[in-house]
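Trainee: Residue strings, one per chain:
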Amino acid sequence: MIAYVLRRLVAAIPVLLVVAVFVFALLRLAGGDPAAIIAGDMATPQQLADIRARLGLDEPLVVQFFTWIGQFLSGDLGTSLISRTPVSTLIQQRLEPTISLAVTSIILTVVIAVPLGVLAAWRHGGLLDNFVSAATVLGFSVPVFVVGYLLIQLFANELRWLPVQGFRPISEGPVPFLRTIVLPAFTLSSIYVALIARMTRAAMLDVLGEDYVRTAHAKGLPERVVLFRHALRNAAVPILTVIGTGFALMISGVVVTESVFNIPGLGRLTVDAILARDYPVIQALILLTSFVYVLINLLIDLSYAALDPRIRY
Amino acid sequence: MPVAPNFRRALLAAGALAALLPFAGIQPAGAQEVRAVMHSAIRILDPIITTAHITRNHGYMIYDTLLGMDENYQPQPQMAEWEVSEDGLVYRFTLREGLTWHDGTPVTAADCVASLERWAERDLGGQMLMEHTQSLEAEGDDVIVLTLSEPFTYVAELLAKPSSVPAFMMPARIAATPASEAIEEHVGSGPFRFMVDEFQPGVQAVYEKFEAYVPREEPASWTAGGKVVNVDRVVWVAMPDAQTSMNALMGGEIDFIEQVPLDLLPILETNPELTVSVVNELGGQTMGRMNFLHPPFDDPAIRRAALTALSQEETLAAFIGNPDYYNVCGSFYGCGTPLATEPDPSLIASGDTERARAMLEEAGYDGTPVVLLQPTDVATVSAQPVVAAQSLRAAGFNVDMQPMDWQSVVTRRASQELPANGGWNMFFTNWVVPEIWNPVVNPMLGGAGREDGWFGWPDDAALDDMRREFAAAETDEARLEIATRIQTHALENVIYVPLGEYRSPSAWTSAIGNVLPSPAPVFWNLTKSQ
Numbered sequence: 001m002i003a004y005v006l007r008r009l010v011a012a013i014p015v016l017l018v019v020a021v022f023v024f025a026l027l028r029l030a031g032g033d034p035a036a037i038i039a040g041d042m043a044t045p046q047q048l049a050d051i052r053a054r055l056g057l058d059e060p061l062v063v064q065f066f067t068w069i070g071q072f073l074s075g076d077l078g079t080s081l082i083s084r085t086p087v088s089t090l091i092q093q094r095l096e097p098t099i100s101l102a103v104t105s106i107i108l109t110v111v112i113a114v115p116l117g118v119l120a121a122w123r124h125g126g127l128l129d130n131f132v133s134a135a136t137v138l139g140f141s142v143p144v145f146v147v148g149y150l151l152i153q154l155f156a157n158e159l160r161w162l163p164v165q166g167f168r169p170i171s172e173g174p175v176p177f178l179r180t181i182v183l184p185a186f187t188l189s190s191i192y193v194a195l196i197a198r199m200t201r202a203a204m205l206d207v208l209g210e211d212y213v214r215t216a217h218a219k220g221l222p223e224r225v226v227l228f229r230h231a232l233r234n235a236a237v238p239i240l241t242v243i244g245t246g247f248a249l250m251i252s253g254v255v256v257t258e259s260v261f262n263i264p265g266l267g268r269l270t271v272d273a274i275l276a277r278d279y280p281v282i283q284a285l286i287l288l289t290s291f292v293y294v295l296i297n298l299l300i301d302l303s304y305a306a307l308d309p310r311i312r313y
Numbered sequence: 001m002p003v004a005p006n007f008r009r010a011l012l013a014a015g016a017l018a019a020l021l022p023f024a025g026i027q028p029a030g031a032q033e034v035r036a037v038m039h040s041a042i043r044i045l046d047p048i049i050t051t052a053h054i055t056r057n058h059g060y061m062i063y064d065t066l067l068g069m070d071e072n073y074q075p076q077p078q079m080a081e082w083e084v085s086e087d088g089l090v091y092r093f094t095l096r097e098g099l100t101w102h103d104g105t106p107v108t109a110a111d112c113v114a115s116l117e118r119w120a121e122r123d124l125g126g127q128m129l130m131e132h133t134q135s136l137e138a139e140g141d142d143v144i145v146l147t148l149s150e151p152f153t154y155v156a157e158l159l160a161k162p163s164s165v166p167a168f169m170m171p172a173r174i175a176a177t178p179a180s181e182a183i184e185e186h187v188g189s190g191p192f193r194f195m196v197d198e199f200q201p202g203v204q205a206v207y208e209k210f211e212a213y214v215p216r217e218e219p220a221s222w223t224a225g226g227k228v229v230n231v232d233r234v235v236w237v238a239m240p241d242a243q244t245s246m247n248a249l250m251g252g253e254i255d256f257i258e259q260v261p262l263d264l265l266p267i268l269e270t271n272p273e274l275t276v277s278v279v280n281e282l283g284g285q286t287m288g289r290m291n292f293l294h295p296p297f298d299d300p301a302i303r304r305a306a307l308t309a310l311s312q313e314e315t316l317a318a319f320i321g322n323p324d325y326y327n328v329c330g331s332f333y334g335c336g337t338p339l340a341t342e343p344d345p346s347l348i349a350s351g352d353t354e355r356a357r358a359m360l361e362e363a364g365y366d367g368t369p370v371v372l373l374q375p376t377d378v379a380t381v382s383a384q385p386v387v388a389a390q391s392l393r394a395a396g397f398n399v400d401m402q403p404m405d406w407q408s409v410v411t412r413r414a415s416q417e418l419p420a421n422g423g424w425n426m427f428f429t430n431w432v433v434p435e436i437w438n439p440v441v442n443p444m445l446g447g448a449g450r451e452d453g454w455f456g457w458p459d460d461a462a463l464d465d466m467r468r469e470f471a472a473a474e475t476d477e478a479r480l481e482i483a484t485r486i487q488t489h490a491l492e493n494v495i496y497v498p499l500g501e502y503r504s505p506s507a508w509t510s511a512i513g514n515v516l517p518s519p520a521p522v523f524w525n526l527t528k529s530q
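Chains as they are written, first to last, in the numbering used here: chain A, 1 to 313; chain B, 1 to 530.
These aren't lab readings, by the way, just hints derived from the structure by calculation.
Only a predicted model underlies this, so the values are computations on that prediction, with no experimental measurement involved.
Treat the hints with caution; some may be incorrect.
Computed beta-carbon distance windows for the label pairs [what the hints assert, rightly or not]: (1) A:A3 <-> B:D103: 49 to 59 Å; (2) A:I170 <-> B:T376: 31 to 41 Å; (3) A:D211 <-> B:P403: 53 to 63 Å; (4) B:T376 <-> A:E172: 38 to 48 Å; (5) A:P86 <-> B:G104: 26 to 36 Å; (6) A:V21 <-> B:P403: 27 to 37 Å; (7) A:F291 <-> B:R173: 39 to 49 Å; (8) A:D58 <-> B:R96: 39 to 49 Å; (9) A:D58 <-> B:R450: 16 to 26 Å; (10) B:P219 <-> A:G75: 47 to 57 Å; (11) A:D58 <-> B:R173: 24 to 34 Å; (12) A:F66 <-> B:P178: 18 to 28 Å.
By construction, the Cβ of each residue, glycine as well, lies at the ideal position given by its N, Cα and C atoms.
Taking the hints into account, I'd like the entire structure generated from these sequences.
Mentor: See the structure below:
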């Protein structure tokens with residue numbers, strides 16, 4: 001399996017390289033000029049040219065690309081053209097809120113969605129199933145920002161239990177952390193709960209009719225064991241795939257939730273950087289995101305083997 | 001069901017936690033900490049390299065100026081007193097005692113000379129000042145001597161102006177940074193210190209009271225007078241979502257919002273715990289600029305037809321909506337300012353479609369498309385082109401509106417290519433009134449053409465001559481007369497199209513008092529109760 005992991009990691013290198021070239025080219029094709037953003041409305045052509053020269057933006061694109069790649073390979077992510085802050089510092093500042101939000105949301109999602117999906121499949125066609133189906137349709141249909149504002153209105157404005165906005169790192173203590181993360185995590189979870197509950201229900205329905213489930217019932221095993229230990233384990237592969245992809249999506253950009261709750265995460269950083277044509281920041285963030293996707297896909301694949309003994313690497 | 005007891009236990013645990021949450025509040029903001037949401041997040045910290053207003057506002061927190069400007073538009077001593085020689089050619093600025101930089105070193109005349117030189121490289125008014133300057137030198141530690149080569153009477157006004165790039169003072173080692181390169185160190189002598197370690201671009205900027213700052217004794221007035229700081233810290237919190245900032249203000253999580261979106265205003269106005277008011281009465285001017293290099297707007301008759309077709313009232317109604325916060329204004333310099341005069345009503349953008357149609361026909365317009373740049377991502381400039389396109393089409397123009405994000409607009413407007421090859425014919429932007437209130441600082445009232453002119457590039461020597469005449473005028477009456485002539489000339493030639501004035505309300509909690517009216521939001525003078 002170690003050979004498989006190494007092979008997958010090595011295979012990620014060309015993927016990341018292609019992403020790097022693609023992002024670099026796309027950003028330059030998109031137009032926009034960081035120098036114009038820095039200089040503002042009153043800049044003369046000469047002032048713009050001076051700023052471009054200072055930032056190295058007047059170099060040929062090939063030179064700019066290889067300079068960036070060279071820096072990147074030596075571990076230097078560059079410096080923001082706009083704020084002159086090292087990109088590594090920017091990412092470091094924004095990573096914890098995003099990871100915290102993603103992890104909390106995915107935990108909430110799994111804790112709510114998987115049992116819901118299992119129970120809906122178990123009571124297929126019954127009241128519970130209909131309730132879950134209706135709830136998931138609602139979860140899909142209501143935009144995340146609406147959910148966010150509704151939660152803010154109820155828990156922050158009316159009940160005054162939780163703050164409207166902001167983020168407190170877990171290092172400040174679990175209570176401040178939970179107070180600021182709970183509403184955004186519920187908001188972000190809403191759509192994934194719907195998705196994963198439906199996926200779980202469908203996967204469970206596939207396996208509940210299998211012979212081994214009937215055998216388990218015939219052996220007199222408790223319903224809980226049949227459902228969660230036998231059926232769910234065999235239905236887990238597609239569910240896990242969706243959970244993993246959802247987690248990667250949360251890491252790579254949850255702009256709306258971060259904006260509504262004013263969480264200074266990577267999603268907001270990415271959008272800000274794109275609007276300002278802050279090339280080094282965008283390039284680093286997209287490479288980071290790509291790497292996260294590669295890594296999560298690898299972890300998902302590895303977990304298949306843990307869940308299903310028939311899969312071997 | 002077997003799972004029920006576990007579920008019940010989990011529910012109880014969650015309930016217990018939820019019960020704890022209301023009593024385990026986030027650390028309350030310190031009693032003397034003001035948390036403010038500004039009109040945008042600050043990312044660029046050098047107030048000389050950029051004209052961004054948020055960076056100018058940051059500048060007023062940590063830097064000081066030799067002169068300030070009071071509410072009567074008069075320059076006043078701030079870091080320095082000044083005197084002028086009888087012939088009007090030598091200005092001597094004497095620094096007041098006890099001025100220190102935030103690193104504890106004394107402010108010297110040499111520091112100020114270096115700061116003025118860097119500022120003048122970047123600022124349009126500063127450039128004009130330097131064109132008239134024979135020498136700028138330090139005399140000892142406390143005196144700065146500016147010797148003019150020819151009469152230029154606008155020196156004090158330029159050093160005091162609160163527009164985009166004010167003449168902020170920095171230590172010489174920092175001011176030695178080329179004006180095209182952002183400064184890396186943020187040390188001023190102003191009323192607040194910038195907390196570098198707490199700065200997160202796009203998230204927050206933190207300022208602490210500079211204990212060694214000695215305010216002037218005069219009462220505060222705009223950027224002049226005593227900058228008395230009554231709070232310990234000011235935190236600028238970035239909040240991209242207006243609804244969130246409004247909720248946070250009502251929930252007491254922040255104290256001040258610099259610009260409240262007008263559609264959310266009714267919610268705040270009905271809250272007795274909040275004050276909603278316009279802090280910057282001068283407000284801004286929205287305007288349209290044509291490209292003088294290419295057809296059809298290389299023809300002054302067609303530019304005049306377009307001016308007649310455009311409507312201030314319709315533009316403002318679409319852009320601002322609430323008549324309490326906008327007004328039609330014919331003056332190029334902002335209504336209510338010292339140089340404001342109402343021009344001939346026939347020259348104002350009045351939306352007279354029939355007349356515009358006749359003028360266009362008379363000018364022989366051949367249907368050349370008018371490429372209009374429309375930013376879609378910035379609320380303050382996205383409505384104007386839509387209204388303009390409608391007005392121009394109604395008058396007979398063939399409008400080609402091109403939507404794009406604002407950063408694409410600012411890049412494309414720098415292109416001098418034909419509109420069909422990536423150039424443009426017209427775009428819209430906004431200015432705060434101190435950026436346009438006289439011909440010296442107004443970047444659009446120049447006629448330097450392709451090489452040195454502002455986007456649109458009119459080649460108009462007469463306009464430049466009148467600007468120089470204005471800068472040399474010795475009396476207020478003479479200035480007013482020349483400014484009025486410039487305005488008439490600019491309207492007749494449609495140098496640009498003023499589309500009216502607007503103001504943005506601010507909002508703050510009842511804990512905040514003594515907010516100082518000013519062209520730039522300032523945090524001295526204000527108080528915060530417990």
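Trainee: All hints are to be evaluated individually against the structure, with a verdict given for each.
Mentor: Hints, one by one, checked against the model:
no.: 1; hint: A:A3 <-> B:D103: 49 to 59 Å; verdict: holds (58 Å)
no.: 2; hint: A:I170 <-> B:T376: 31 to 41 Å; verdict: holds (39 Å)
no.: 3; hint: A:D211 <-> B:P403: 53 to 63 Å; verdict: holds (60 Å)
no.: 4; hint: B:T376 <-> A:E172: 38 to 48 Å; verdict: holds (40 Å)
no.: 5; hint: A:P86 <-> B:G104: 26 to 36 Å; verdict: holds (28 Å)
no.: 6; hint: A:V21 <-> B:P403: 27 to 37 Å; verdict: holds (29 Å)
no.: 7; hint: A:F291 <-> B:R173: 39 to 49 Å; verdict: holds (41 Å)
no.: 8; hint: A:D58 <-> B:R96: 39 to 49 Å; verdict: holds (44 Å)
no.: 9; hint: A:D58 <-> B:R450: 16 to 26 Å; verdict: holds (20 Å)
no.: 10; hint: B:P219 <-> A:G75: 47 to 57 Å; verdict: holds (55 Å)
no.: 11; hint: A:D58 <-> B:R173: 24 to 34 Å; verdict: holds (28 Å)
no.: 12; hint: A:F66 <-> B:P178: 18 to 28 Å; verdict: holds (26 Å)
Consistency note: the structure conflicts with none of the earlier hints.
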